[in-house]
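Given the structure of chain A, go ahead and fit chain B onto it with the hints provided.
Number of protein chains: 2
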Amino acid sequence: MVPHLTTALTGPLLELEKHFLGHATEIERWMRVQWQDHMPPFYASTDLRNSGFKLAPVDLNLFPGGWNNINDVFMPLCVQAAQDAIERICPDARQLLLVPENHTRNQFYLQNVAKLVSVLQLTGLDVRVGSLLPEITAPTTLELANGGSLTLEPLVRTGNRVGLAGFNPCAILLNNDLSGGVPAIFKGLDEQWLIPPLHAGWHMRRKSRHAAAYDRVAREFGEVIGIDPWRINPEYGVCSQINFQERTGEECLAAEVDSLLTRIRAKYKEYEVDETPFVVVKADAGTYGMGVMTVRDASEVVGLNRRQRNKMSVVKEGLQVQEVIIQEGVHTFETVDDAVAEPVVYMMDRFVVGGFYRVHTERGRDENLNAPGMHFKPLAFQTCCSLPDCRQAPDAAPNRFYAYGVVARLALLAASVEIEETEPAEADAA
Amino acid sequence: MVPHLTTALTGPLLELEKHFLGHATEIERWMRVQWQDHMPPFYASTDLRNSGFKLAPVDLNLFPGGWNNINDVFMPLCVQAAQDAIERICPDARQLLLVPENHTRNQFYLQNVAKLVSVLQLTGLDVRVGSLLPEITAPTTLELANGGSLTLEPLVRTGNRVGLAGFNPCAILLNNDLSGGVPAIFKGLDEQWLIPPLHAGWHMRRKSRHAAAYDRVAREFGEVIGIDPWRINPEYGVCSQINFQERTGEECLAAEVDSLLTRIRAKYKEYEVDETPFVVVKADAGTYGMGVMTVRDASEVVGLNRRQRNKMSVVKEGLQVQEVIIQEGVHTFETVDDAVAEPVVYMMDRFVVGGFYRVHTERGRDENLNAPGMHFKPLAFQTCCSLPDCRQAPDAAPNRFYAYGVVARLALLAASVEIEETEPAEADAA
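So the sequences go chain by chain: A and B.
Each residue of the first sequence is one higher than the last, beginning at 2 in my numbering.
Each residue of the second sequence is one higher than the last, beginning at 2 in my numbering.
Bound conformation, chain A alone:
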């Protein structure tokens, strides 16, 4: 049931996986101790890229969609992990309000919401879904393509609490990334748990802050198990004064791209990697794979044409891009059915609970796969990420998946640090 999984350059990755396997006890103990000091996010997903010589997260989502793509065999793991998450945040909760994105026409997204509802219900919560859409003025049941259904209800604000008619939840789980800012109805709440906290929304969040936190996590982890953190960490730079439409800040961007490419070239030389380095320019607050550009030379970001500038200047909810992160590109040498693929790992609380491959038949191994035309292989992670098998070869599926689970949890830990560090002072929070 596991799809054919190939890695063009197996040598160094085998070495990295072997290293993880040989240090699994230290890794797990170190993780356990980290989670004593840091509160894990309720849930998260991360995109990994596996170039053979490098296995690294390139994105971490604190409002993960795509739960519908998780294999049903992982449901018990999801439920068990969700129980931990609920106990950690609101142990005496009876009712939970789930607030999704406004995509009522996206069947996949709606199935994702329905799957989340079913996981959370199984932890013993009365779960209902409250919509921010103005057209939802009464409970509205949507039929899903998979035979299920989902009822959206209008949100009701009463004093300092948000709920539904006849439903006063102790906790509100956001599956809406707040790209458009915090809706007025969520401002100035008290006595209710907002999960994740509002400042984790994309109106405040910056990829570069996550990268900075991951930098430190990767460095510490590298010391613990004795690896060069570069093997699991994409280098990055930031340009914070860019305006693609007005063509200002291009020089800063070009200089950062050049500096980063130079650093990558040095690393490729050190590791004798015979590939062309590239970087990915991304809106620092962007999501959904929007506002992303692959660059192999600094000259490519100077004198962008109108189409390129339009593409880079606006992200989800029409937000203008002013800050970009320039991230070391990590080739993906994995393929599923001959198409380029990257693993996406899902987590709840501090546990890996599933994953799948994002596959794109039209993209190259140095391109962003989170783009129209992508599809998912939900069967891929038939086995789970927590069970390395020392008796099997380092590149056997359980062991490769263990390596994915380790790196994904490092990104999760970085997100936890990032959320702690960006927590606003109490006055701002309200």
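Wrong hints could be hidden among the right ones.
Covered stretches of chain A, as calculated for chain B (at least 3 residues, CB under 8 angstroms) [said to hold, decoys possible]:
| no. | stretch |
| --- | --- |
| 1 | 27-38 |
| 2 | 120-130 |
Far from chain A, by Cβ distances over 12 angstroms, these chain B residues were calculated [what the hints assert, rightly or not]:
| no. | residue |
| --- | --- |
| 3 | His104 |
| 4 | Glu136 |
| 5 | Lys188 |
| 6 | Leu199 |
| 7 | Met205 |
| 8 | Trp231 |
| 9 | Thr336 |
| 10 | Gly365 |
| 11 | Ala372 |
In case anyone wonders, no lab produced these hints; they're calculated from the structure.
Glycine included, each C-beta is placed from N, C-alpha and C at the ideal position.
Same frame as chain A, now just chain B:
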């Protein structure tokens, strides 16, 4: 993959399961709140009997063997739950010592130990196995029939700590039920976690104390979801001054049996159950299915013949029986391949992590199945106990298994209460 599962009398059980399904949210929330107040045992297994009109635990084991019978698909659940258990008891542990029973010739038991070692290693612990056997004077590797191996090492006492040569663990997990008393090497330890605590061993533990705790748990649970607790709780009585060899205490036993049978008859009448009531007489401190007798009439316990008296008077480790519990017998109307079967549910921390059917081709539905000739169906619980499916019929496998998981966790909660209540004063503990 789920074996054919039939229940002769489906009506009332369907009603019970339907009731559990309809109250899953209350049940899960109530459980969550209970685990805020009570510390779950590290691990446990429980034998359930399902008579259709009644679904009840008849035994709870705090030193569960048989992990080798758990389907491998449940390994991720075990590892995840074990991580919770470790974090709860000794989050900064690096090394864990596992102390098994002295059955070095029992291949099944050794495979059980090896399975436990692998689960615990995957939580990031350095796990080694210390034997109480005097003949283990040096590390001894045993080859297992399933292709694995297990290394037993001699225990080493140093001051107030127990370990192995060059191995100073922070925690000691007992898979040895201490039927023969606490070995001298474990007396007066400090600074090390003993799991479960010593007073949970069979040298101290009494089935009747567990039954008393379960009584209260079942009553409270019954109130929460509105069922007669008898539906999930076997009635019981105690005789504490019995000597089968000297034939003293027989009258007390006969009177208790009679009183219990009378109470059961009344309940059968109330529920219109057309079955012959029976009780099971068990050594109050016994285990391994030893010292167990099925009785349908009080006269059967008077004037026992020599064979019966021998069978009842001695349990594991040659302990003399002085106290017995008389437990309401619960028929098992489940069959696997036409043989009588009972579910055995395994738990770690507060989670159900697997189970199987104990099957006996030579026994009747009102007999103890934990007897020579029994076998196990590890494939049975292909699906897990935490995922009721409201869209399916109440007797569909996921829903039946959910009911098992609920009742098993009630027994687990009772064990937690029992351990708390029997904790010796500090002076005794040392």
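May I ask you to check that His104(B) keeps its beta-carbon over 12 angstroms from the closest beta-carbon of chain A? For His104(B), whose nearest Cβ neighbour in chain A is about 25 angstroms away, the distance exceeds 12 angstroms, so it holds.
Quick check: the stretch 27-38 of chain A, covered by chain B? Criterion 3+ residues, Cβ under 8 angstroms. n = 10 at 8 angstroms, threshold three: holds.
Beyond 12 angstroms from every Cβ of chain A: is that where the Cβ of Ala372(B) lies? 32 angstroms, holds
Taking the shortest Cβ-to-Cβ distance between Lys188(B) and chain A, state whether it exceeds 12 angstroms. 29 angstroms, holds
Over 12 angstroms from every CB of chain A: does Trp231(B) meet that, or does the non-interface label fail? Non-interface label on Trp231(B) holds, nearest chain A Cβ at 25 angstroms vs cutoff 12 angstroms.
With d taken as the least Cβ-Cβ distance between Gly365(B) and chain A, does d exceed 12 angstroms? The assertion about Gly365(B) holds, with a minimum of 34 angstroms to chain A.
Per the stated criterion, does the least C-beta distance between Thr336(B) and chain A lie above 12 angstroms, as a non-interface residue requires? 26 angstroms, holds
Over 12 angstroms to the closest beta carbon of chain A is the bar; see if Met205(B) clears it. Correct as stated: the minimum Cβ-Cβ distance to chain A is 31 angstroms, above 12 angstroms.
Confirm or reject the statement that Glu136(B) sits farther than 12 angstroms, beta carbon to beta carbon, from all of chain A. The claim stands: Glu136(B) keeps its Cβ more than 12 angstroms from every Cβ of chain A (closest is about 29 angstroms).
Per-stretch coverage check for the stretch 120-130 of chain A, three Cβ contacts closer than 8 angstroms to chain B: It holds, with 6 qualifying residues against the three required.
Check on Leu199(B) being off the interface with chain A, judged by Cβ distance over 12 angstroms: Given that every Cβ of chain A is farther than 12 angstroms from that of Leu199(B), nearest at about 26 angstroms, it holds.
Hint compliance for this structure: every hint is met.
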